[in-house]
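Chains A and B, in that order, are what the protein sequence lines are. Every position in the first sequence, counted from 1, becomes a number in my numbering once 9 is added. Residue 194 in my numbering sits at position 200 of the second sequence, and the numbers go up by one each step.
Since the hints were derived computationally from the structure, they do not count as laboratory data. Heads up, some of the hints might be wrong.
[Unchecked claim] Distance windows between CB atoms, simulated:
1) B/Trp165 to A/Ala25: 40 to 48 Å
2) B/Trp165 to A/Gln50: 58 to 66 Å
3) A/Val35 to B/Arg226: 40 to 48 Å
[Claimed, not checked] Footprint (simulated), chain B over chain A, 3 or more residues, beta carbon under 8 Å:
4) 13 to 26
5) 41 to 55
[What the hints assert, rightly or not] Straight-line alpha carbon distances no greater than 25 Å define the calculated PhoX-like cross-link-like pairs of lysine-lysine that follow:
6) B/Lys228 to A/Lys53
7) B/Lys73 to B/Lys3
8) B/Lys3 to A/Lys54
9) B/Lys2 to B/Lys73
10) B/Lys228 to A/Lys54
11) B/Lys2 to B/Lys72
12) B/Lys72 to B/Lys3
13) B/Lys2 to B/Lys228
14) B/Lys228 to B/Lys73
Using N, Cα and C, we set each Cβ at its ideal position, and we do this for glycine too.
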Amino acid sequence: METTNYMILGYGVIFAVLALHLASFVVRNRNLQRDLEMLEQLEKKTPRRKPVGKKRK
Amino acid sequence: MPDQVVQKKPRLLGALDFASLVLMLAATLMVFFYAPREREMGEVQRIFYFHVATGWVGMAAFIGAAVAGIIYLVRPHKKWDVFSVAAVEIGLVYSFVNIVTGSIWAYPTWNTWWTWDPRLVTATVMVLTFLAYLLLRQSIEDPERRARFGAIYAILGSLTVPLTYMSIRIWRTIHPVVIGSGDPGAQGTFAFTQPMVYTLLVSLLAFTVLGITLLWHRVRLGWLADRVEQLRLKAMGL
């Protein structure tokens, strides 16, 4: 029986899904690293707030 | 979560990356150039090696998520919740590949893309159950409550794994059984030769190592997301 096309389709799906999953790791990691850098810079720039509800003597 | 863990990639993870690449390459070469062509089904039978391997990793990942859920309920720590989510994601990707490749293999063998066979149904129920796990998590805002519900759900959801595994052994089915004896009416069975066994074993090893490697990367991604979330809440003054 000639079933080569189905084999190609099957392995095409396997490698495509695995490649997409790996690519999603790279994209998510890049976005999170960018957010982390931005938030860390923001934290350095922003002066510390005094705790709410405490009055100065 | 420790910051240095988020930033620096461990050496062992680097070694696992390399091992995954080498093993996947070896498995692929064995599938195409070492394993013999099956006489009746032809080339499509070669799907079998990666179809079984992805099915195994998918199920193992769901069981891993349930084990992490049990540990979380006993000793609540964020790291077990992160692990559980990572394992479910890996399980979903691999199980999805398993079902799709099964369907592609089924068409020339069973003459249909899909049939309401016990194995196909239980495998689909398993995937949908864990897809619902991700949806459930998104609907809960409180992190502790989300983790607790997630843990309970993962434990209950993992019951679909033995059900899927056993479905071809306890019900009448056309799906062949790889380990043990199956239904005499199963279609797509074939006689194993030695090269076929070796190719299957290498494929199982390759996908297991790849699964562990991806799980570790996904856990690190979860830690990073958690760190970002903490800083964001801090910036908002919460």
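Status of each hint after checking the structure:
no. : hint                            : result
1   : B/Trp165 to A/Ala25: 40 to 48 Å : 32 Å, violated
2   : B/Trp165 to A/Gln50: 58 to 66 Å : 59 Å, holds
3   : A/Val35 to B/Arg226: 40 to 48 Å : 22 Å, violated
4   : 13 to 26                        : holds (count 9)
5   : 41 to 55                        : holds (count 9)
6   : B/Lys228 to A/Lys53             : 12 Å, holds
7   : B/Lys73 to B/Lys3               : 17 Å, holds
8   : B/Lys3 to A/Lys54               : 28 Å, violated
9   : B/Lys2 to B/Lys73               : 17 Å, holds
10  : B/Lys228 to A/Lys54             : 13 Å, holds
11  : B/Lys2 to B/Lys72               : 20 Å, holds
12  : B/Lys72 to B/Lys3               : 20 Å, holds
13  : B/Lys2 to B/Lys228              : 24 Å, holds
14  : B/Lys228 to B/Lys73             : 20 Å, holds
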